[in-house]
Structures are given as structure tokens and as C-alpha cells.
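Colleague: Given only the sequences and the hints, what does the whole structure look like? Please build it.
First residue of the sequence shown: 19, per my numbering; consecutive thereafter.
In case anyone wonders, no lab produced these hints; they're calculated from the structure. Check before you lean on any hint, since a few could be wrong.
[What the hints assert, rightly or not] Below 30 Å or equal to it, Euclidean Cα-Cα: the simulated DSS-like pairs (lysine-lysine) are: (1) LYS225 / LYS317; (2) LYS225 / LYS174; (3) LYS317 / LYS231; (4) LYS89 / LYS226; (5) LYS177 / LYS68; (6) LYS225 / LYS177; (7) LYS317 / LYS177; (8) LYS174 / LYS318; (9) LYS174 / LYS226; (10) LYS231 / LYS318; (11) LYS174 / LYS89.
[To be verified] Pairwise CB distance ranges (calculated): (12) GLN314 / VAL124: 37 to 43 Å; (13) ASP144 / ASN192: 31 to 37 Å; (14) PRO242 / GLU280: 33 to 39 Å; (15) PRO143 / THR205: 22 to 28 Å.
Just so it is clear, CB atoms sit at the ideal spot from N, CA and C, and this is done for glycine as well.
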Amino acid sequence: MEYDLITMGEMLMRLSPPVFKHPAQSGVFEYFFGGAEMNVAAAAAQLGRKTAFLTKLPGHMLGQLARRALKTAGIGERYVLDDCEKNSRLGLYYYVPADFPSVPQVVYDRECTSMRTMTLGELEPDIFSDASCFHVSGITLGLGGSCGETAIEAIKNFKAAGALISFDVNYRMNLWSGEEARRCIETILPMVDIFFCSEDTMRLTFKKEGCLKEMMASFADAYPMKAVVSTQRIVHRPSCHSFGSTVLDCHTGRFYEDAGYERIEITDRIGSGDAYVGGFLSGILQEGVRDNILSQTLKKAMDIGNACAALKMTQRGDMIVAGPEEIEDIIQRHYEGCSYEMKR
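Modeller: Listed below in C-alpha cells is the structure:
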């Protein structure tokens with residue numbers, strides 16, 4: 019297998035005003051590239067995993083800029099498809115940061131994009147045997163067009179080829195209703211090995227009841243999963259969050275949990291959940307993926323994920339910028355209470 023991790027999803031260009039400026043005040047937008055699954059691949063690549071991104075980009079200048087962003091992040095482009103249609107589109111979104119008493123705002127412009135036209139027949143047949151792990155999210159399933167069905171077929175083919183299947187619900191109400199999401203996602207859950215889902219989504223989309231651990235265990239009871247993962251974010255105000263997570267080892271029934279990082283001063287929250295997923299998967303993949311290793315690596319994977327999410331919130335843009343040594347240092351200081359004095 020050439021890649022530790024292949025992710026599939028839509029790449030987006032983000033437009034944001036300069037820090038502390040409202041769009042009406044600045045007249046200028048800065049651009050960043052991202053997208054949930056791309057952000058996951060970027061985090062894993064930063065931590066030393068070999069990753070590739072399965073997506074479809076327009077063949078014009080914006081698509082070329084997007085490819086450059088993939089290279090910069092260390093993400094393989096082998097499975098990036100070109101859309102050479104005259105009216106091909108790259109998805110856009112506008113993000114306006116804010117602090118109390120206001121809240122940040124996101125506006126999407128992603129209708130009729132190249133990714134929505136992706137079909138299974140466009141994929142290279144050898145892709146399915148080329149990865150130890152395949153990751154996709156509910157965003158891609160809910161995009162519409164042929165993309166969602168292609169993602170489901172990709173899950174089936176990667177699973178048949180022996181890859182671990184990682185899935186993040188990542189529910190977005192602007193893409194589909196909770197009921198539509200639940201019906202679709204439940205069809206692929208029997209194939210999912212590592213399942214990421216927030217407590218709110220468990221309750222509101224999947225209609226689960228009980229405490230968080232009871233709801234997580236109900237997924238493990240219903241489906242042959244290896245791990246169920248739920249992150250906890252407390253928003254004290256838009257510029258101050260706390261972040262932690264809980265992980266269930268479905269084989270042993272053991273829970274791992276850490277309250278995580280408290281009162282993080284936010285520079286940019288976009289992509290922090292994806293950084294968690296990428297860090298977590300990196301922790302699983304660093305020892306090679308096989309059926310019986312998860313119970314030994316889940317705690318470490320959780321620690322890496324928490325550290326990646328916390329660090330990403332202090333960085334501008336959609337993707338985390340970090341190295342393995344920096345993440346290990348953050349984890350050590352988190353548990354040992356080491357000094358936060360400047361290193362020099």
C-alpha cells in the first residue's frame with residue numbers, strides 16, 4: 019500500500035477579511051484553502067503519515083492554486099481529478115470572525131461545483147488497494163449530485179480491499195436535514211471502523227438518549243466498530259474555547275477520556291475538529307494498521323488529536339501547521355504542567 023491514509027471530499031477556497039475587520043470595513047478578502055477531509059489529510063501529513071486526497075478540481079487557475087496548496091501541505095495529488103468543463107467551479111465560503119457579543123458567521127457558495135460531478139468510473143481502479151485507511155465525512159455524503167453515491171461506493175470498495183474505514187458525521191444542516199443524514203449514514207455504519215460523532219449529533223440526528231458514554235456504547239453494540247470517538251468543545255465566548263474528547267475501545271468496552279485544553283485563546287477555530295481527526299488517525303497509523311493494535315494506541319491517538327485541535331485554534335487558516343516534535347511537546351506540557359516560557 020502506497021498511502022497510510024486517503025481522504026475524499028470537496029476542496030474549498032475560503033475568503034475572510036483581515037483580522038478584526040468586518041467585510042464592510044476592509045474591502046479586502048484573504049484566501050485560504052481547506053475542506054474537512056483535506057484538513058484531515060493535512061494534519062496526518064504534518065505528523066509524518068503519507069496521505070493522498072481524492073477530489074475533483076476545475077482545470078482553470080483556481081484549481082491550479084488549489085493543487086499548489088495540496089503540495090504545500092504535503093498531501094499526495096495522485097488521485098486529484100481535473101474537471102475541464104467550461105463552467106467548472108471550485109467551492110467557496112466566506113468566514114467572518116467575531117467576538118462577544120457577536121458570533122462568527124459562515125456563508126457557503128458551493129452549488130454546481132466540480133466535486134459534485136465525481137463518479138466512481140472516474141477513479142483509478144488501484145486506488146482501493148492503495149491505502150491502509152480511508153476517511154470521509156457526512157459533508158461529502160450530503161453534497162448532492164453524484165458525489166454522495168460515489169463516496170458510498172468508495173467506502174464499499176476500500177472496505178473490500180481491507181482498508182480501515184474512518185467516518186466523521188460532521189453534520190451540516192445547510193446540506194441536508196437530520197433525518198436525511200441519519201437514513202443515509204446508517205447504511206454505511208456497518209462498514210465503519212472508526213466513528214467520529216459529537217454528543218449533540220448523537221441526540222439530535224440519531225435520536226440517542228442517555229449520557230455520552232451510553233450513547234457511544236449503543237453504536238458499538240449496533241455495529242462492528244473498532245472505536246467510537248466524540249469531541250467536547252465548550253465555547254466560553256467566540257475567542258475562548260475548551261476542548262477535550264472521549265474514546266471508546268469497542269473491543270474491550272474501555273473508555274479513554276481527557277478534559278483536554280482549557281480556555282484556549284482562539285485565533286481561528288476553523289479546521290480544529292478536522293485537526294483532531296487527522297491527529298487521531300495519525301496516532302493509529304503510526305504503528306501500522308491491523309485488527310488488533312487499536313486497543314494499545316487509542317489513548318495515544320486521543321492525546322495527539324486533542325493537542326492538534328488545541329494548536330490549530332491558535333493558527334490562522336483552515337489547516338494545522340505542526341510537526342511531531344511540537345505535538346509531543348504540547349502533550350508533555352499538558353500532562354506534566356511544564357513551563358510555558360519562551361524557548362530560546
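Colleague: Sort out which numbered hints this structure fails and list those numbers smallest first.
Modeller: 4
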